[in-house]
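**Student:** Protein chains in written order, with this note's numbering: chain A, 1 to 286; chain B, 1 to 286; chain C, 1 to 286; chain D, 1 to 286; chain E, 1 to 286; chain F, 1 to 286.
A couple of the hints might just be wrong.
What the hints assert, rightly or not - Output of the computed footprint for chain B on chain A, the stretches with three or more beta carbons under 8 Å from beta carbons of chain B:
id: 1; segment: 164–176
id: 2; segment: 211–222
id: 3; segment: 271–282
If you're looking for bench data, these hints aren't it; they were derived computationally from the structure. Ideal placement from N, C-alpha and C gives every residue a C-beta, glycine not left out.
The residues making up each chain are set out below.
There are 6 protein chains.
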Amino acid sequence: MKMNKNISTYMGFEDEYEESSLVIFGAPFDGTTSFRPGTRFGPMYARQEFYGLETYSPYLDLDLEDYLLFDGGDIELPFGNTDVALNMIYDFSKKIVCDGKIPFMVGGEHLVTYPSFKSVFEKYNDVVIIHLDAHADLREDYLGQKFSHASVIRRAFDLIGKNRIYQFGIRSGEREEFNFAKENTYMEKFEVNTIDMIVNKIKNTPVYVTIDLDILDPSIFPGTGTIEPGGITFKEMMKAIKSISRLNIVGADVVELSPHYDSSGTSTAVACKVIRELVLAVVSKK
Amino acid sequence: MKMNKNISTYMGFEDEYEESSLVIFGAPFDGTTSFRPGTRFGPMYARQEFYGLETYSPYLDLDLEDYLLFDGGDIELPFGNTDVALNMIYDFSKKIVCDGKIPFMVGGEHLVTYPSFKSVFEKYNDVVIIHLDAHADLREDYLGQKFSHASVIRRAFDLIGKNRIYQFGIRSGEREEFNFAKENTYMEKFEVNTIDMIVNKIKNTPVYVTIDLDILDPSIFPGTGTIEPGGITFKEMMKAIKSISRLNIVGADVVELSPHYDSSGTSTAVACKVIRELVLAVVSKK
Amino acid sequence: MKMNKNISTYMGFEDEYEESSLVIFGAPFDGTTSFRPGTRFGPMYARQEFYGLETYSPYLDLDLEDYLLFDGGDIELPFGNTDVALNMIYDFSKKIVCDGKIPFMVGGEHLVTYPSFKSVFEKYNDVVIIHLDAHADLREDYLGQKFSHASVIRRAFDLIGKNRIYQFGIRSGEREEFNFAKENTYMEKFEVNTIDMIVNKIKNTPVYVTIDLDILDPSIFPGTGTIEPGGITFKEMMKAIKSISRLNIVGADVVELSPHYDSSGTSTAVACKVIRELVLAVVSKK
Amino acid sequence: MKMNKNISTYMGFEDEYEESSLVIFGAPFDGTTSFRPGTRFGPMYARQEFYGLETYSPYLDLDLEDYLLFDGGDIELPFGNTDVALNMIYDFSKKIVCDGKIPFMVGGEHLVTYPSFKSVFEKYNDVVIIHLDAHADLREDYLGQKFSHASVIRRAFDLIGKNRIYQFGIRSGEREEFNFAKENTYMEKFEVNTIDMIVNKIKNTPVYVTIDLDILDPSIFPGTGTIEPGGITFKEMMKAIKSISRLNIVGADVVELSPHYDSSGTSTAVACKVIRELVLAVVSKK
Amino acid sequence: MKMNKNISTYMGFEDEYEESSLVIFGAPFDGTTSFRPGTRFGPMYARQEFYGLETYSPYLDLDLEDYLLFDGGDIELPFGNTDVALNMIYDFSKKIVCDGKIPFMVGGEHLVTYPSFKSVFEKYNDVVIIHLDAHADLREDYLGQKFSHASVIRRAFDLIGKNRIYQFGIRSGEREEFNFAKENTYMEKFEVNTIDMIVNKIKNTPVYVTIDLDILDPSIFPGTGTIEPGGITFKEMMKAIKSISRLNIVGADVVELSPHYDSSGTSTAVACKVIRELVLAVVSKK
Amino acid sequence: MKMNKNISTYMGFEDEYEESSLVIFGAPFDGTTSFRPGTRFGPMYARQEFYGLETYSPYLDLDLEDYLLFDGGDIELPFGNTDVALNMIYDFSKKIVCDGKIPFMVGGEHLVTYPSFKSVFEKYNDVVIIHLDAHADLREDYLGQKFSHASVIRRAFDLIGKNRIYQFGIRSGEREEFNFAKENTYMEKFEVNTIDMIVNKIKNTPVYVTIDLDILDPSIFPGTGTIEPGGITFKEMMKAIKSISRLNIVGADVVELSPHYDSSGTSTAVACKVIRELVLAVVSKK
């Protein structure tokens with residue numbers, strides 16, 4: 001019996017950094033959340049709940065144990081200073097990208113997507129975005145702030161420009177956001193029915209996938225900051241990830257789990273399965 | 001900086017009474033509830049939660065801000081005296097109807113529909129009822145009481161008679177209620193698939209719409225007095241309201257939100273979106 | 001006014017043992033649960049919640065009051081001794097079978113199915129199993145234990161052998177379990193679409209039906225030990241029971257309700273309706 | 001193995017009616033509750049939780065098993081008709097009193113005390129009341145109603161008159177109620193420090209004891225309709241009951257447990273221990 | 001029946017601004033909270049719960065209805081920008097002070113005390129602070145931030161200097177904070193036993209009172225951001241406020257109610273009573 | 001930036017095994033729990049919550065950072081096999097004792113004390129036990145099982161014999177247990193008032209301290225398997241630990257945290273502070 005320091009990783013992510021092709025890490029930030037805060041607890045709860053999950057996916061017939069995966073833990077972010085937090089996330093993700101690995105981030109609120117995506121974009125200038133969400137997140141600013149969970153996709157748009165963002169499941173926003181989308185992004189409202197068509201179109205172009213879990217219906221995912229009834233089912237999510245698995249994914253994140261708002265634990269269980277499936281979708285293609 | 005008394009209204013209902021075409025108000029009554037009480041808290045929670053809602057509906061492509069709407073607050077009802085409570089609701093609704101406006105009530109248990117409907121019926125003698133609910137509410141009486149949440153549609157039937165009540169989504173009741181419906185009302189069990197057909201038939205006849213939110217599946221709406229699995233989805237509700245929006249609606253209500261039985265807050269969020277959509281359905285036709 | 005001892009039975013199960021054709025009883029055991037314990041509270045909560053349920057089913061157009069049904073209460077099982085508990089359940093069920101009645105058990109974790117099924121199998125050697133579940137439960141052992149909630153169907157297989165177990169809705173397990181199923185059982189993954197076909201094939205062969213409620217999606221049934229998103233809907237369950245009602249059912253159980261993990265009460269309400277419908281499915285054929 | 005109907009009684013209350021000296025029963029009524037309803041669930045939860053309780057009290061060094069006690073179950077009361085409900089409680093309690101036994105009622109809201117007390121008063125005209133509560137309950141009426149949880153002690157006063165009601169722990173009410181108490185009752189505000197002195201004064205006069213559990217601090221008893229911080233501790237309650245045990249108690253009740261408002265289960269556990277101790281206090285003197 | 005816009009104020013605060021001597025308002029800010037966010041919901045929940053409270057205090061034998069009190073509502077603060085939020089609070093409080101009224105603020109996290117206190121200090125240069133709290137809040141900075149909930153009293157110290165801050169109930173902090181207190185403030189650890197002595201010493205000097213509700217034990221006040229067992233009881237709080245009522249209070253606040261972390265509602269009820277008593281303590285002296 | 005595997009330890013326990021004098025570890029076992037299971041989650045929740053705790057204790061004026069402490073993680077125990085689980089705990093603790101370090105265990109149910117204590121007893125034959133608990137745990141067996149949470153102290157008695165067990169705070173049990181205690185142990189019922197006297201008597205004899213957290217009142221510690229109102233306060237616990245800190249402690253444990261039964265998080269926060277204080281009490285003496 002040897003006494004080692006207590007290690008806690010996502011189940012199936014027990015490999016060393018150097019040998020791994022994908023690095024999962026948490027970004028526990030909820031500083032600009034406008035309604036119910038608490039996504040700061042998302043990464044911690046997801047890692048803990050992951051212990052109860054099988055590494056085998058009957059959806060993709062793949063097993064996490066067949067891949068080399070590293071868990072970088074959660075970044076220790078300061079409270080109340082958005083700029084510093086975003087920079088720390090950027091630095092962390094940048095290192096992973098520079099080391100030739102794929103960053104896979106667990107949020108936190110949606111704003112954390114910006115620095116992670118930016119680090120990916122700097123390596124893959126032709127990257128496009130697949131965006132699953134209940135909200136358009138296309139505001140120019142929110143209550144005067146340019147960097148907000150409600151404007152994060154607009155900030156990504158500032159980086160990459162027109163016709164390179166594909167949005168699915170959007171069912172809430174201001175009229176202006178829907179108008180902006182008509183001109184500048186691809187948007188399927190309410191559903192994820194056209195994702196296979198888009199996948200066929202994107203082909204081998206590098207893709208950054210960002211999944212705001214509130215695209216799911218609150219019946220299956222109530223544990224989030226802003227509840228929007230009318231979302232997609234878990235089975236539709238599985239189908240969408242299967243489509244996505246055909247793409248060349250160079251970065252990904254899963255955001256907006258706020259576990260304290262779901263006493264049953266369902267939301268965290270859902271987040272874990274989405275993470276498992278999306279990780280398998282990313283690495284199985286490599 | 002001017003110091004005014006703190007005003008609290010449904011978001012988008014900031015106009016004056018005189019200029020408004022629709023008046024929303026709460027009827028916090030749960031006196032005859034036989035299982036889990038608590039719909040008395042429905043109106044208060046709905047108004048509060050409404051702050052987090054956009055005024056724009058991507059379902060109907062309409063915005064509350066384009067209409068003149070007044071919030072009359074919640075009626076202060078006594079406890080333990082059904083007769084007095086029903087009379088107070090009647091008086092409140094009657095005034096709105098007499099002033100040429102449309103009453104839009106938020107319950108409370110389903111029995112509150114009776115006085116509101118009665119005030120509408122006295123002006124529109126040819127009015128018909130669209131009734132969305134898990135329960136038939138057609139009992140002659142309930143434990144000896146003629147006026148009960150379980151008999152409210154039967155009491156409305158007493159006013160308007162045969163073939164003028166259209167019931168959808170019914171999935172619970174005694175055998176006698178289903179037999180009564182066969183003779184006297186139109187009833188679609190379990191689903192809301194035929195509502196478009198009924199809308200085509202009703203045409204311009206004045207309509208009173210009463211939505212008991214427990215028609216929704218408890219997966220999306222657990223916060224109610226009597227849980228009945230097997231209900232419709234939120235998307236089916238949205239589709240039904242879109243159909244209804246073609247009608248000439250002269251009164252409406254949304255009842256049976258019991259927020260304390262849903263710690264996640266989902267039920268209240270659902271109630272708010274149903275209220276927003278139904279209000280838009282009512283006023284957009286005028 | 002006569003003062004009798006307080007009797008508490010499932011609503012509609014007020015008949016005497018001798019005259020009844022079906023006996024419902026609870027098996028409050030959760031000793032091998034590996035994640036969230038608490039199904040020990042299932043039988044007690046189900047009986048209590050049943051009071052709020054109508055005895056009439058609009059799904060099957062049948063009424064519990066038209067049948068002779070007995071409630072045997074919950075077996076008082078010891079804590080921490082699996083062998084003794086299983087033996088007590090076996091004895092209880094055996095007596096019912098020997099008296100020519102149908103045992104209908106409410107769990108408890110899934111392992112309780114083994115002793116109840118064994119007592120039925122000893123009378124009906126040609127019995128087959130209909131198994132609705134999220135999990136395959138086909139492990140040879142679990143952490144060294146042969147008798148576990150995760151191996152219960154494998155133990156039943158040990159009794160009856162190949163091609164006599166029909167599994168539906170399975171969406172979680174180890175790769176080995178899915179491989180075992182390919183060789184030895186009929187398994188439909190994720191869905192219950194082929195149950196009608198199987199019913200046609202089984203015809204009059206005696207059937208034991210075991211429903212692990214976690215086959216349902218956690219949106220409608222979060223109150224269980226292991227949450228598996230992606231399950232079937234309540235309506236699909238109702239349809240499956242309707243199919244099953246054509247069979248010659250000689251024993252049945254409904255397991256894995258863990259009420260403390262669902263503060264809204266939805267899970268217990270769901271369990272009660274499944275019990276009502278399955279009981280009606282069983283007795284209506286006799 | 002004999003199959004009897006499932007019997008559910010308070011642990012230790014398994015004797016027959018005829019031989020018992022004390023009869024416990026539930027009065028699940030909350031019709032005039034003005035804030036949070038739900039005490040209707042109190043009797044059912046208390047009986048269930050009682051299974052986990054030892055029958056031995058280390059406080060009084062007495063054991064329920066040494067006494068003959070009967071559980072009469074819960075009265076099935078109608079909803080929304082206060083008069084009928086109060087009459088049914090009166091009839092039930094009256095029979096117990098007439099049969100020479102002591103009625104011990106579990107509420108329900110405090111108004112249920114009135115009919116039970118009335119039945120006792122009709123036999124013992126010189127009866128006095130020991131009243132433990134957070135609220136004075138001395139209003140002449142409440143929102144126009146004479147019979148209300150907020151006026152129940154005033155109604156008892158109407159029956160027995162001045163200087164026969166002893167109130168302890170009162171910490172909330174209108175100024176008028178405190179003024180009324182100065183003239184007409186004995187009242188110790190906030191504490192139960194003088195109860196021993198009062199017990200010495202009362203001596204052998206017949207006593208009706210009514211304990212509104214909200215006299216306890218909400219830290220230990222949050223599960224009640226109206227939360228009033230600043231109450232007594234559980235240990236002070238135990239000490240008060242020990243004092244009371246020296247009295248000649250001819251009727252008693254414990255009211256205002258609302259279990260849904262305490263997800264931890266503490267309030268129900270507290271109610272059960274208070275019931276056990278007060279029952280022992282009553283019967284040990286006989 | 002006249003139809004006015006729905007007004008929502010603290011019960012007993014229905015007077016006009018111009019005539020009132022005290023102005024209550026909410027500061028829903030939780031931007032620097034380091035553990036569990038959510039005090040942003042405190043002011044809204046407190047106002048709502050206040051409806052259930054009597055205006056009469058049996059502790060002080062005073063009634064809110066005997067005073068002229070105004071409710072200014074809650075300031076609409078931006079998310080994620082601490083500087084802007086603090087300035088808005090300062091402006092609001094400054095106006096109240098300049099108009100010769102006493103500001104009474106409901107938080108929000110403790111950092112909101114800084115701008116409110118600053119506005120008071122600018123008028124009363126000799127003001128001292130009474131500080132009730134579980135935490136010293138004396139850090140020079142927290143994770144690099146000078147303005148944080150954990151440094152707010154240190155920032156107040158920067159304004160007024162040595163020996164003018166009186167701290168009670170402190171039971172958590174870093175060793176450095178306790179050392180700082182020894183040199184620069186008066187601090188009673190764990191208890192509030194010496195407050196009467198301090199009141200005698202302060203005499204007529206203007207006082208700003210800030211109550212961080214987490215000074216209370218979590219048994220009675222779990223609904224806060226950082227739980228610290230070992231706090232004072234509610235009765236000790238009442239006694240402390242009675243002592244404070246002898247002072248010349250020129251500004252006050254009650255902070256750190258986080259209602260979502262207390263499903264029983266006890267914490268909000270406690271906050272409301274503390275607000276009622278402290279308001280009465282402030283205005284009764286004028 | 002170096003990428004290491006994610007390490008998760010109790011805050012302040014970051015030292016290496018070899019250099020440490022005390023080793024903390026978790027024993028997540030709840031196999032014989034008779035009422036509400038769930039203490040298996042205790043160790044995981046305690047470690048996680050510990051992050052929010054200061055390492056400095058104002059009670060003892062000591063800081064965890066001044067000591068060499070190692071966190072050995074949680075033992076991975078099987079489900080449903082008590083013997084195997086107890087042996088694994090014994091082996092783990094035995095190694096720590098043999099290496100000359102002090103084992104400090106976090107439960108789990110109280111039965112885990114037996115193997116840990118046994119390993120200590122084998123080294124220190126003259127060891128005595130300080131036992132803080134609501135329950136006597138002195139049953140000869142429980143439902144036929146000799147090794148049960150309800151008999152664990154009796155099993156320890158079997159090892160060390162008469163007059164070497166000191167019990168405090170006991171307030172629940174069967175009459176036989178209290179009688180046994182009179183003959184064989186020192187027992188203070190309800191309170192911990194005599195602990196200082198006992199400490200003076202024990203002097204330098206080696207001591208094993210076992211704290212069942214349910215000795216605390218459920219107002220401050222509801223998150224446990226069996227709720228027993230009437231417990232000690234947190235301040236009394238702090239005082240008791242201060243007394244204990246004068247002893248020569250050679251082994252210790254803190255058991256019976258069941259975090260799922262306390263949605264507010266208070267119980268876990270309490271457990272963490274008790275752990276911090278008791279660890280400091282143990283190591284400060286060395």
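**Student:** Decide, hint by hint, whether the structure agrees.
**Tutor:** Evaluated hints:
With a threshold of 8 Å between beta carbons, the proposed coverage of the segment 164–176 of chain A by chain B holds, since 6 of its residues qualify and at least three are required. Taking a C-beta to C-beta cut-off of 8 Å, the segment 211–222 of chain A contributes 5 residues in contact with chain B, enough for the three needed, and the coverage statement holds. As drawn, the segment 271–282 of chain A meets chain B at 0 residues by the rule of a beta-carbon pair under 8 Å; below three, the given contact is violated.
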